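Student: Here is how the chains run, residue by residue.
Number of protein chains: 10
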Amino acid sequence: MPSTPSRTLEAVPNAHPDRDYEVAMTIPEFTCVCPITGQPDFATIRIRYVPDQQLVELKSLKLYMWSYRDAGAFHEDVTNRILNDLVEACAPRRMTVVGEFLPRGGITTVVRASYAAP
Amino acid sequence: MPSTPSRTLEAVPNAHPDRDYEVAMTIPEFTCVCPITGQPDFATIRIRYVPDQQLVELKSLKLYMWSYRDAGAFHEDVTNRILNDLVEACAPRRMTVVGEFLPRGGITTVVRASYAAP
Amino acid sequence: MPSTPSRTLEAVPNAHPDRDYEVAMTIPEFTCVCPITGQPDFATIRIRYVPDQQLVELKSLKLYMWSYRDAGAFHEDVTNRILNDLVEACAPRRMTVVGEFLPRGGITTVVRASYAAP
Amino acid sequence: MPSTPSRTLEAVPNAHPDRDYEVAMTIPEFTCVCPITGQPDFATIRIRYVPDQQLVELKSLKLYMWSYRDAGAFHEDVTNRILNDLVEACAPRRMTVVGEFLPRGGITTVVRASYAAP
Amino acid sequence: MPSTPSRTLEAVPNAHPDRDYEVAMTIPEFTCVCPITGQPDFATIRIRYVPDQQLVELKSLKLYMWSYRDAGAFHEDVTNRILNDLVEACAPRRMTVVGEFLPRGGITTVVRASYAAP
Amino acid sequence: MPSTPSRTLEAVPNAHPDRDYEVAMTIPEFTCVCPITGQPDFATIRIRYVPDQQLVELKSLKLYMWSYRDAGAFHEDVTNRILNDLVEACAPRRMTVVGEFLPRGGITTVVRASYAAP
Amino acid sequence: MPSTPSRTLEAVPNAHPDRDYEVAMTIPEFTCVCPITGQPDFATIRIRYVPDQQLVELKSLKLYMWSYRDAGAFHEDVTNRILNDLVEACAPRRMTVVGEFLPRGGITTVVRASYAAP
Amino acid sequence: MPSTPSRTLEAVPNAHPDRDYEVAMTIPEFTCVCPITGQPDFATIRIRYVPDQQLVELKSLKLYMWSYRDAGAFHEDVTNRILNDLVEACAPRRMTVVGEFLPRGGITTVVRASYAAP
Amino acid sequence: MPSTPSRTLEAVPNAHPDRDYEVAMTIPEFTCVCPITGQPDFATIRIRYVPDQQLVELKSLKLYMWSYRDAGAFHEDVTNRILNDLVEACAPRRMTVVGEFLPRGGITTVVRASYAAP
Amino acid sequence: MPSTPSRTLEAVPNAHPDRDYEVAMTIPEFTCVCPITGQPDFATIRIRYVPDQQLVELKSLKLYMWSYRDAGAFHEDVTNRILNDLVEACAPRRMTVVGEFLPRGGITTVVRASYAAP
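Protein chains in written order, with our numbering: chain A, 1 to 118; chain B, 119 to 236; chain C, 237 to 354; chain D, 355 to 472; chain E, 473 to 590; chain F, 591 to 708; chain G, 709 to 826; chain H, 827 to 944; chain I, 945 to 1062; chain J, 1063 to 1180.
Calculated directly from the structure, the hints in this document are not laboratory data. Predicted, not measured: the structure shown is a model, and the values here were computed from it. Hints should not be assumed to be uniformly reliable.
Some but not every residue of chain G turned toward chain C, in silico, with C-beta under 10 Å [stated by the list, open to error]:
hint	residue
1	Ala-732
2	Pro-736
3	Cys-742
4	Gly-746
5	Thr-752
6	Leu-810
7	Arg-812
8	Gly-813
Once the Cα atoms are required to be at most 30 Å apart in a straight line, the calculated DSSO-like pairs of lysine-lysine come out as [as the list claims (entries may be wrong)]:
hint	chain 1	residue 1	chain 2	residue 2
9	B	Lys-177	J	Lys-1121
10	D	Lys-416	F	Lys-649
11	A	Lys-59	J	Lys-1121
12	B	Lys-180	J	Lys-1124
13	I	Lys-1006	E	Lys-534
14	C	Lys-298	H	Lys-885
Yeah, the Cβ is synthetic: ideal placement off N, Cα and C, and Gly gets one too.
Based on the sequences and whatever the hints tell you, model everything.
Tutor: Following this line, the structure appears as structure tokens:
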């Protein structure tokens, strides 16, 4: 079973909750470990969201991403887990997480998962 | 009549079937043979799908793609056949397969075929 | 009056008529002659269509494109004529033809014409 | 008050008025003069339209564009004026004119204006 | 609390208020200061709007952007404040402001905020 | 035997013969015919030279290039012949001609030939 | 005979004459007039030099470039004249001027001229 | 031991042996098989040579490249073998062969080998 | 007279002084002020050097670059001053500093200065 | 003190030791840890060498690169250490290692170290 990163994402108040606006973040420094082969995987993670009352705090996001360094994670699963954790941390109106993984076996994989508040 | 590749595509369970999310894979290492002239053809195959209960297993996908190496295949036909085989293997909610073939006679051909579950 | 190319476009059966899929072809080797000045013109022709019962046959398409080499043709007219001839040859469900002409008098012209079956 | 270019745009008959198709032209050689400072401005002008009964005649378009060389013109105004003149000259079904101006004071300005026949 | 820039944005009359057209401006020379660390931040600001009766005056826009040089500003906040100030200055029909900030801690942030007149 | 183009290249006086300077010209509109298959070939021709007493006259160069339209020519041969004709026409101090031909049989060919005055 | 621009280039003292260093300037806003046809020409001018006791003054350079707007000038000639004027104005140790002209008759021309102090 | 392709390279006479000129060919459609794992490898092969009395014949080169399709070959070895075969076939004055292989294990390999006649 | 930044550059020991190797750093976040107009200037600074006994310490380099934020500086001068300060701080074997400034008056300026130990 | 990776690089015989040829490898998946802050660093490592009697074995190279994942390493130091280890493993005639590190504090660093056999 994939291990779980222990770092906690933090949030800060959104100064403009009256307006639907979009924040997009690109993190080219993501690495985790294949749970079957133990081989490291590398990805660029892209986050795009419309905040509600809270913004993702940048430094906790950086530490959260680092916490996957020794975690076992399949491409499709880890992208969804990052989305779940971010939604839980800042309760956005809408959010999309994209994981662009470097090729394995000649095949490049990109996973894109989205959330919309009810 | 075009020959048929014998490799079997395999599937693995989707850990997040409650969410519509997208997986995109790029395979720049596809080659088959023209059924009329016997001349090799080269293509980049792009797959994009929303999984339902199953994901395409990456290693079987790689072997499946290799199995076309000696198969006769027209551009339009092989793209549709790959889509059919992938749909049969993992029963996705939606899937698109694109074949981008290197030029023949000065003409570049790109074929794009899609499936949506009923 | 612009001369008419004599080559005939040919079609081959579509093996997957049950599905709406798209074929896109790029022909960077198109040249014709300005009917007023006699000056050669150069263009890239792009074709994109959803086949019905027939596909455009690749070799006849190449010869058809060559047949414009000595034909007089205005940019807007020749793009529409190619579309007309292709529609007549393979009766597609939808088709778009784009002619991207190299600059004349410092002005680059691109013509885009589409057809949809009734 | 901005001066007015004296060149007249001309039109030629559209041989395919039965079809809605698009003509796009790019003119990277546009220059005019700032009406306040007298400083020259440089732009790329892009025109995209669906013709009705008439096409813009290419040579008169080139001369029309040259006629702005000594004309005073604000970015927003000149783009709209070009659109007005082109609409008057060829009465298109739809038309868009885009002016992409080189930076002034570290700021790049792009103006996009559209017309649709009633 | 973030300091407020003192420069005033100015507007000039729109000569074509009868038409919905778009003006887009790119300002690659934006810098402000992180209100927590005092560290300078750098961004490209993009503005896109449909004017009503007034246009943003270019020189006052340049000076307004300079006025952030010593102002403390979070990424998400400053993009919204620029939008607010521009809306107040020229009362556009629609406007979008995008702030593309250079990476901090390996993470690049882009903020996009929009306004539409009631 | 390959046919020979009949157009004559012309030269104009060089106003700065006291200085070694370089003129480079790019001609993306070159087409000739394969002497074996009769199939049209397309190339971009690049010319770079240091003039002595004469410059290549631009309009005669354009007509000279057009004259290859119906001429049979191998890639390696035609590039050398263009160099020979240009050297004879304007007697440069140094000259290089490059022919960049579009792919045939999946292979792209570029030929580069140079001349230096004794 | 080509007309001569009347603006004067100015120079300012070089604060680091003890060191050979390089200054490169790019001017994408150059336009002049063909002395035969009266047709406007457009070019990007690139200047690269090693100063001796003087630097080219930026504002006078801008005005000097504008002064060609109504001047008749052949591609090869104008590039050499700009080099001559700049050498006279600031007496550099080495200087290269490149004129990259937009295509005429389908042919793009680039002229490169250099100077080295004796 | 790696298998050897059986196709023979052919040569045609060089019509300009009196001049040192260069021919460069790019072949993006090369595939062979890893002699250890049996896994297919894909590469772009680039050839650049100065012919002496003979040119490489293009069609035999295409067939020669196809003949590696089922041949076992290490990256470093196959690039050198192609160089050896080409040198034997056309005895050039100078030749360079470059093999650009798609990544394996996250590592991209490019091999460059050269020959010069004694 | 241009003001002088007060931050001090620091150095750390080079662990491989026995080998000539190169360190290149790119700083896209440089801004200073024009000493004449007071207008802010923006540049990317590139540093490339072969260390001797010391390396430039990264954090002090960042602070040093920030210290120009309120300093008056001409393009040519500031690039040379940065080179002088860096040479004094770490005594490299060779060093090059390049300043790529955003355009002013339509003219982009790049300054390149080098040092070599005696 | 930086920790040392424990993986051993392996070599295989060079089948063409009679010829000086070049092998270039790109490894975009390198990560190590800053020995001061414990923060992960990411780099692309490029290796270029002329083999003598031995080639670098690809799989051991991949494992060797992975072994830096938990190793503390300064940018300048780790690039030199990789070069030292590779030289020891395969005794090349010439070798260059380049480390291109992602930005820290807004500064991108590239280190280039070379070896030549005596």
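Student: Confirm or reject each hint.
Tutor: Hint-by-hint comparison with the structure:
no., hint, in the structure
1, Ala-732, "violated, 27 Å"
2, Pro-736, "violated, 16 Å"
3, Cys-742, "violated, 12 Å"
4, Gly-746, "violated, 14 Å"
5, Thr-752, "violated, 15 Å"
6, Leu-810, "holds, 6 Å"
7, Arg-812, "holds, 8 Å"
8, Gly-813, "holds, 9 Å"
9, B:Lys-177 - J:Lys-1121, "holds, 19 Å"
10, D:Lys-416 - F:Lys-649, "holds, 20 Å"
11, A:Lys-59 - J:Lys-1121, "violated, 36 Å"
12, B:Lys-180 - J:Lys-1124, "holds, 21 Å"
13, I:Lys-1006 - E:Lys-534, "holds, 27 Å"
14, C:Lys-298 - H:Lys-885, "holds, 20 Å"
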